[in-house]
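Chemist: Chain by chain, the residues:
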Amino acid sequence: MDFAAPVDIGRATGLLADAVRAADADHVDATLLARAGEYTRFAGERVHQPQDITEQQVVVRAVVDGHAARVATSALDRVADAVRRATAIASGLARTASAPGSAWTPQHRDTDDHVLWHDDTAAFDAPARVAIAAEAMTRARRAGTTAAGMVGRAVTQLAVASSTGALRHVVATEATGSLTVGDRDGSAHWANLHRSRDALGLDAASVADTVARAVRTRGRQPLPDGSYTVVLGPEATCELLGFLGVLGFDGGPAQAGVGVTSRPGQRVASELVTVADDASHPFGLPIPFDVLGTTKAVVPLLTAGLVGGPVTDRTGHTHVAREAVPSPVAANVVMTPGAQGDLVAGVENGLYIERFWYTRLVDRQAGTITGVSRDACFRIVDGEPADPVRGARFTQSVFDLLATVDGVGDVLRAQPIMNVWNGSVTAPAIRAHGFRFGPR
Amino acid sequence: MNPHGWGAVADDATGRALVEVALDAVDGRAEYADVRLVEAEELRVYRQSGADVDERVEHTLGIGVRVLVDGVWGFAARPLAEGADAAEAAHRAHALAVAARGASEPVRLPDIDVHSGRYETEVEHDPFATTQDVRHALLTDALDAASAPRHVVSAQAGVNAKRQHRHFGNSVGSRQHQHFMESGVLVMVTAAGHGDVQRRSYPNSFHGDTGAAGWEFVVGRDLVANAARVGEEAVALLTAPVAPSGTADVVLGGQQMSLQIHESAGHALELDRMIGDEANFAGTSFIGVHDIGSLRYGSPAVTITSDPTLPGTRGSFAFDDEGTPARRRTLVDRGIVRDTLSTLDSSARTGAALTGAARSDGWAYTPVCFATHVYLEPGRVSLDELCDRLGEGIYAEDNRSWSIDEQRLNFQFGTEVAYEVRGGKRGRLLKNFSYGGITPQFWGSVEAVADDLRIFGYPCGKGEPKQWSFLSHGAPSTLVRGVRIGVA
Numbered sequence: 001m002d003f004a005a006p007v008d009i010g011r012a013t014g015l016l017a018d019a020v021r022a023a024d025a026d027h028v029d030a031t032l033l034a035r036a037g038e039y040t041r042f043a044g045e046r047v048h049q050p051q052d053i054t055e056q057q058v059v060v061r062a063v064v065d066g067h068a069a070r071v072a073t074s075a076l077d078r079v080a081d082a083v084r085r086a087t088a089i090a091s092g093l094a095r096t097a098s099a100p101g102s103a104w105t106p107q108h109r110d111t112d113d114h115v116l117w118h119d120d121t122a123a124f125d126a127p128a129r130v131a132i133a134a135e136a137m138t139r140a141r142r143a144g145t146t147a148a149g150m151v152g153r154a155v156t157q158l159a160v161a162s163s164t165g166a167l168r169h170v171v172a173t174e175a176t177g178s179l180t181v182g183d184r185d186g187s188a189h190w191a192n193l194h195r196s197r198d199a200l201g202l203d204a205a206s207v208a209d210t211v212a213r214a215v216r217t218r219g220r221q222p223l224p225d226g227s228y229t230v231v232l233g234p235e236a237t238c239e240l241l242g243f244l245g246v247l248g249f250d251g252g253p254a255q256a257g258v259g260v261t262s263r264p265g266q267r268v269a270s271e272l273v274t275v276a277d278d279a280s281h282p283f284g285l286p287i288p289f290d291v292l293g294t295t296k297a298v299v300p301l302l303t304a305g306l307v308g309g310p311v312t313d314r315t316g317h318t319h320v321a322r323e324a325v326p327s328p329v330a331a332n333v334v335m336t337p338g339a340q341g342d343l344v345a346g347v348e349n350g351l352y353i354e355r356f357w358y359t360r361l362v363d364r365q366a367g368t369i370t371g372v373s374r375d376a377c378f379r380i381v382d383g384e385p386a387d388p389v390r391g392a393r394f395t396q397s398v399f400d401l402l403a404t405v406d407g408v409g410d411v412l413r414a415q416p417i418m419n420v421w422n423g424s425v426t427a428p429a430i431r432a433h434g435f436r437f438g439p440r
Numbered sequence: 441m442n443p444h445g446w447g448a449v450a451d452d453a454t455g456r457a458l459v460e461v462a463l464d465a466v467d468g469r470a471e472y473a474d475v476r477l478v479e480a481e482e483l484r485v486y487r488q489s490g491a492d493v494d495e496r497v498e499h500t501l502g503i504g505v506r507v508l509v510d511g512v513w514g515f516a517a518r519p520l521a522e523g524a525d526a527a528e529a530a531h532r533a534h535a536l537a538v539a540a541r542g543a544s545e546p547v548r549l550p551d552i553d554v555h556s557g558r559y560e561t562e563v564e565h566d567p568f569a570t571t572q573d574v575r576h577a578l579l580t581d582a583l584d585a586a587s588a589p590r591h592v593v594s595a596q597a598g599v600n601a602k603r604q605h606r607h608f609g610n611s612v613g614s615r616q617h618q619h620f621m622e623s624g625v626l627v628m629v630t631a632a633g634h635g636d637v638q639r640r641s642y643p644n645s646f647h648g649d650t651g652a653a654g655w656e657f658v659v660g661r662d663l664v665a666n667a668a669r670v671g672e673e674a675v676a677l678l679t680a681p682v683a684p685s686g687t688a689d690v691v692l693g694g695q696q697m698s699l700q701i702h703e704s705a706g707h708a709l710e711l712d713r714m715i716g717d718e719a720n721f722a723g724t725s726f727i728g729v730h731d732i733g734s735l736r737y738g739s740p741a742v743t744i745t746s747d748p749t750l751p752g753t754r755g756s757f758a759f760d761d762e763g764t765p766a767r768r769r770t771l772v773d774r775g776i777v778r779d780t781l782s783t784l785d786s787s788a789r790t791g792a793a794l795t796g797a798a799r800s801d802g803w804a805y806t807p808v809c810f811a812t813h814v815y816l817e818p819g820r821v822s823l824d825e826l827c828d829r830l831g832e833g834i835y836a837e838d839n840r841s842w843s844i845d846e847q848r849l850n851f852q853f854g855t856e857v858a859y860e861v862r863g864g865k866r867g868r869l870l871k872n873f874s875y876g877g878i879t880p881q882f883w884g885s886v887e888a889v890a891d892d893l894r895i896f897g898y899p900c901g902k903g904e905p906k907q908w909s910f911l912s913h914g915a916p917s918t919l920v921r922g923v924r925i926g927v928a
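Sequence order for the protein chains is A and B. Counting from 1, position 196 in the first sequence corresponds to residue 196 in the numbering used here; the numbering is continuous, with no gaps. To convert, take the position in the second sequence, counting from 1, and add 440; that gives the numbering used here.
Keep in mind that the hints were calculated from the coordinates and are not lab data. Built from N, CA and C at the ideal position, the CB exists for glycine as well. Incorrect hints may appear among the rest.
Covered by chain B, per the in silico footprint, the following chain A stretches (three or more residues, Cβ under 8 Å) [stated by the list, open to error]:
{"id": "1", "region": "43 to 53"}
{"id": "2", "region": "73 to 81"}
{"id": "3", "region": "101 to 108"}
{"id": "4", "region": "148 to 154"}
{"id": "5", "region": "176 to 187"}
{"id": "6", "region": "361 to 368"}
Here are a few chain A residues that sit away from chain B, every Cβ distance over 10 Å (derived from the structure) [what the hints assert, rightly or not]:
{"id": "7", "residue": "Gly10"}
{"id": "8", "residue": "Thr111"}
{"id": "9", "residue": "Ala123"}
{"id": "10", "residue": "Ser163"}
{"id": "11", "residue": "Val268"}
{"id": "12", "residue": "Thr336"}
{"id": "13", "residue": "Asp382"}
{"id": "14", "residue": "Ala403"}
Based on the provided sequences and hints, a complete structural model is requested.
Modeler: Next comes the structure, spelled out in structure tokens:
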């Protein structure tokens with residue numbers, strides 16, 4: 001089976017260029033978002049959901065007198081119609097508005113073609129994916145546990161044409177893997193994503209390690225409420241950093257004056273914490289430009305713990321929200337790794353937390369979130385992992401915790417940002433203090 | 441004009457012909473196959489105070505094919521331009537199933553009956569036929585009303601509509617044609633001042649509220665008057681006292697209870713979770729297959745029903761997304777778990793009843809267990825009578841934050857508003873109310889349920905890759921004793 005961009009490159013750029021050329025609006029941009037993904041889901045003793053999904057959508061944005069309207073279609077032969085409809089809607093907006101609109105119309109004229117392609121990802125076909133799934137299920141069974149997970153490969157395609165003359169195209173591979181090994185009431189988890197399957201790190205060793213961690217969760221005990229020194233695994237750190245956007249680094253909250261970016265330069269985290277929105281970083285899902293064709297700038301969010309600035313449409317972070325007013329979002333969040341290979345060794349009495357689950361914002365002002373810990377979590381005693389503990393509910397300020405970070409790991413892992421197209425958070429493990437489990 | 445007469449596959453014969461192409465492509469090569477051909481168009485119009493209207497239309501047309509080969513599933517989906525796309529999806533689904541055969545325990549489906557038919561959402565006024573002027577005037581008026589009080593710093597209002605043609609066929613001979621329409625509305629207000637920021641929303645804090653209906657659904661929500669109300673309430677919250685912490689008796693309003701049902705009942709009763717299929721991402725359930733028929737989930741006041749045959753909700757349909765006819769099922773009967781939300785696969789593997797809860801997001805995703813229209817059966821007392829029975833405690837409504845663990849046991853919710861209740865009467869407004877608990881303990885503490893059932897449409901995410909489902913929950917105000925409050 002061919003593993004290729006969903007739409008032929010020449011056809012993609014040609015139809016978008018033709019569409020904007022024919023438009024009768026002040027400004028038009030047309031964007032092709034496409035993905036061909038293959039996913040092998042497994043659980044217990046079965047590959048239960050092998051899936052091959054190709055999705056494509058052309059979004060046309062027409063601007064008339066500063067008023068923008070968008071029409072999208074999955075049918076490539078309807079793009080011209082989408083241009084007409086978007087123009088008609090934008091004209092209607094202009095007609096009924098009391099003043100000109102303020103839609104941003106980037107004036108760039110870049111014409112380029114980017115290829116973020118990895119042959120190792122292309123080779124991650126159905127038999128290869130089934131083989132790693134079978135390896136996980138077999139190893140888990142032999143250890144008296146069960147495995148569930150998903151492995152996949154995808155091609156992401158983004159093309160943008162604008163009436164200013166811009167015509168940009170990128171094709172990028174994507175490898176993804178996640179594994180949960182369950183042991184009666186305990187479990188362990190592993191997940192990563194990368195443009196390269198080889199860099200993903202999903203192999204017999206990582207499977208064996210996940211199974212071993214799950215086995216060590218046997219007999220886990222409830223965690224008493226209290227404040228703990230914690231080592232957060234990379235996935236838990238990713239989850240925490242995923243809140244930076246809504247806490248002020250996304251364009252919407254920043255524009256409303258809500259959140260931490262109203263205080264640039266202020267210290268809100270330890271000097272060990274440096275986080276940027278960096279779509280050029282090799283980890284995660286790098287991509288060179290956004291859905292309007294604007295080159296993605298590196299935006300420092302936290303530099304040695306000091307507040308930077310928000311992402312905006314000007315920095316290449318335009319995002320098409322599904323059920324809200326669209327606003328720019330931080331989509332390629334990367335925390336700079338440290339040099340410490342073992343953060344647990346530095347803890348006399350604390351907890352190792354593998355990942356968080358169902359985290360939600362509680363208080364934007366205080367930066368407080370709630371959620372539960374999940375999978376392989378252990379007490380740390382005298383610098384060593386000790387007894388396993390059950391998942392527990394926490395309510396914790398993100399910045400209060402980041403302010404106490406005194407150790408940063410040297411291994412990066414990436415997670416997707418839910419509901420953000422091509423969004424990812426990449427982070428190492430961190431060590432921090434005063435993490436609150438239980439009610440306030 | 442017929443509100444369902446739009447698009448490329450409005451005609452059942454056209455849709456059926458494309459479904460047949462896909463089925464023919466795997467005829468004789470699979471013990472079972474089903475095909476979903478979906479065309480959908482969505483209109484979303486949002487406006488933020490001080491900003492331009494954001495108006496968008498999204499059209500999609502594609503086909504998803506699922507096959508069972510030697511007991512192993514395969515699924516493939518493609519956008520549709522011509523018949524060849526349907527055949528390609530079918531061939532690809534078959535190839536994936538073949539590739540997974542050696543690594544999988546086979547599934548044996550029971551005999552499946554043939555179910556064919558047609559279904560249309562009843563629509564009084566086509567929301568796609570409303571003019572831009574009408575839509576924009578409504579949003580402008582709502583924002584003006586919501587923004588009028590001092591200290592309101594931002595407001596957002598929106599209307600949405602979606603129409604769908606869903607054509608289904610399977611290898612046993614079922615042919616189904618469903619034509620859906622839904623409409624929705626939202627307003628959300630943020631107030632800032634006195635060192636605080638507070639939010640209020642209407643009619644549902646969860647992306648607004650959407651139902652299976654036409655523009656009449658929007659008109660019936662009286663958006664402008666309610667926008668004014670929630671604007672004033674958002675400002676009042678800024679200076680309201682913080683809700684207490686400890687243990688209290690509470691009455692939870694219908695909106696908050698609808699989300700409580702979604703998180704702790706709907707998801708917990710999904711059969712694919714119970715058997716571990718979703719363990720890697722969405723999680724499992726504290727309820728096991730062996731618990732069906734015996735587990736005490738709640739008090740005798742708690743009866744929870746799944747009924748997609750009720751019209752007008754976001755979970756209303758005639759057939760689920762693998763062709764099972766919609767049916768009313770009592771999931772929890774006077775506190776005892778009686779049934780689950782199941783699919784062909786999960787039902788066949790467990791022997792549990794097939795309840796017709798296979799749902800999928802359009803054509804591109806494989807059906808999995810999702811809620812339908814799942815609701816808490818109402819009682820016979822009014823809200824006032826329920827508060828009178830409460831005596832001393834808290835009345836809370838409209839979700840502000842939500843979280844629950846992967847087994848659907850340990851939850852924590854916050855609400856936008858709460859009121860002190862003294863002597864059975866609502867008193868002071870309180871802010872930042874939160875409560876937490878353990879699912880069966882919470883439902884076991886339900887003392888009484890009012891008669892004020894309200895229904896809310898929800899989106900819900902599940903599966904890998906993540907897909908959306910659109911469903912609904914109904915709930916009356918509910919009296920719960922001994923709730924842990926002030927937890928966040």
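Chemist: Please write out, lowest number first, the hints stated earlier that are contradicted by the structure.
Modeler: Of the numbered hints given earlier, the structure breaks none, since each of them holds.
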